[in-house]
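Chemist: Each chain is listed here by its residues.
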Amino acid sequence: MTAALEAHGVGKRRVGKRHRREWALRDLTLDVPEGSVVGLTGPNSSGKSTLLGLAVGLLQPDEGTLHAPPVSDIGYVAQDAPLYRSFTVGEMLDFARELNVRWDQRLALELLGSRSLETKVSSLSPGGRSRLALALALGKRPKLLLLDEPLAALDRLAGRELLQVLMDGVAQTEAAVVIATRVVTDIERVCDRIALLCDGAIRLEGTVEELLANHRLLTGARRPLGRIRGVEEIVRERHSGRMLTLLVRTDGPIVDPTWSVDEIGLEDLLLAYMAPEELPAPQPPSDLRGRLRWHG
Amino acid sequence: MAWVTWRQHRPQLLAAAGLVLAFAAAAVATSLPVHDAYHRQALSSCLPPSTRPGCDLLVAHFRSEFAWIARVGRYLFLLPGLALLVGAPLLAREFEHGTFRLAWTQGVSRRRWLLSKTLLLGAAIVVAAAIVGAVAMWWRAPFDHVDGRIRPASFDVEGLVVPAYAFYALALGVLAGLVFRRTLAAISAAALAFVATRIGIETLLRPHYLAPLHRAVIGSAPVPRTGDWLLTDTLVDGVGRRITTAREDLAVLHAQHANIDAQQYLASLGWRRLITFQPADRFWTFQAIEMGIFVTLGVLAIAAALVLLRRRPA
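Protein sequence lines correspond, in order, to chains A and B. Reminder that position 143 of the first sequence reads as 143 in our numbering, one-by-one numbering, no gaps. Reminder that position 163 of the second sequence reads as 1163 in our numbering, one-by-one numbering, no gaps.
Watch out, some of these pointers could steer you wrong.
Stated by the list, open to error - Computed list of chain A residues with no C-beta within reach of chain B, every gap over 10 Å:
1. Ile228
2. Met243
3. Met274
Claimed, not checked - Among chain A residues calculated to face chain B with C-beta under 7 Å, some are:
4. Val56
5. Tyr76
6. Ala78
7. Phe95
8. Glu98
What the hints assert, rightly or not - Quick list of simulated restraints, FRET-style, between CB atoms:
9. A/Pro33 <-> B/Ser1109: 24 to 32 Å
10. B/Arg1111 <-> A/Ser116: 32 to 40 Å
11. A/Asp62 <-> B/Met1001: 27 to 35 Å
12. A/Pro33 <-> B/Gly1292: 55 to 63 Å
13. B/Pro1152 <-> A/Pro69: 54 to 62 Å
14. B/Ser1116 <-> A/Arg182: 35 to 43 Å
Hints in this document: simulated from the structure, not taken from any laboratory. Just so it is clear, CB atoms sit at the ideal spot from N, CA and C, and this is done for glycine as well.
Looking at chain A on its own, in the form it has when it is part of the complex (with noise of 0.2 Å):
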């Protein structure tokens, strides 16, 4: 497998006054396996964005080197999809096969579906927007394609029709893919991988698979913490009057009968990683039904 987006050492500098002396992205690593899809997550301005124009080459970084294919092989849908309203979708596509070597005319029509050439962009629903501007940056036949909230001015019926579009596009072009988005939920279905992005660094990285097998949530009495048998880290705790609850990752199976053992979700698993750890705990709420749930 050959990484085909590499930040080593990234730092960029947040734009504005305020943020002077802060830094969107530091000391950053994201590999991306080709022919698969990762689900970059995080915060607000956690960098996502950033990472993406810097990808793309519409930010400049201000340290450090970022190894990313060169932009024409790069596929690149911003976020709101901008798209030129006076243009129709034929003409659309006429730009897009104007301004690039390499162009799929054939592949972008097919991922448009049965709309019609002649329809104004200013006129196209918000899915149909979506649905133009992915054809146009899979056209170019990327080898990377870098989506940033593909889904978040969608409604779900849009949102599940554009991820369709989206794997037999990617289906076609083995391109590998990166989704920025804030709500994993919605893309984890499609994604091989999730990493976590917070505060400018990656958190957590691998498949949802591994992910989700490496996690336990620990529920016993209250105790002074010791070293747990197939625990490899502490990475959350949360005190509720008399009760304990962990968010450990771990390396080995638990067998320790004083902690009752329950899996985590997806959404669960990223939030706690999320949550600044000094934070009060909240309390837990009087339903809780079903799956335990870190965040109620």
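Knowing the structure of chain A, use the given hints to seat chain B on it.
Modeler: Below, chain B without anything else, positioned relative to chain A:
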């Protein structure tokens, strides 16, 4: 790139073409009677060094009859400035709509993207402005034969400088669009900068492109030929000191009281008029120099935009 540029700037380019056509039509319609009168009264025979009698009256009559055309013609200097309306949205609109994220992530580098678009639009605008400059030259020809064309009223709207002004206005618009990222702000800033440079260069630099000629005139002798561009006209005494208007008035009053001709009296005092002027035959030299200046300024603006474009966080 050509198709993309055409498609994105179609309205402005069509408007520019329409404007040029409308101006040409208006010029032909209004100028036919002027050319007609010029030939009917055989004004060409009145041009220096001719000594045809009665010419003063003929020329004065011709001037006053068509004065309104010359007056309207002065406003033609605004036309090339309109090119900034083409230049300003080039980048500003992409920023306003966020579409720079689309345009600059295709296979063409943003540097090449900006350069091709600016040069393509520049070529179109320069052609349009060159037509305007040439038509204006033909339109004003009868007046220019009588009054020369090196004075600002005609110099500013004729010949080589018109396309140069337009190119500069376009480049300024592009640069302002990159700096301000809003079309309206870019247009305002570019318009201010354009007017400031035009006025600054016209009043401070143009009189000195070549060293002006000097002439001392005694009494009421005629000033240089009418086609020249008079820069200064001051009264000095025998040793070259400047005579204030108050002193001149006093002297004239004195002469009137004594019933002597005022001009003769001034001459008898040893006072002369010192005149500096640019002769009419330097027109094309000055046009070439001014064109060079504005083309250089335009190129500098584009170069600045290219440098900024690379640094500017998007």
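Chemist: Check the structure against each numbered hint from earlier and tell me which ones fail, lowest number first.
Modeler: Nothing - there is no hint that the structure violates, so all of them hold.
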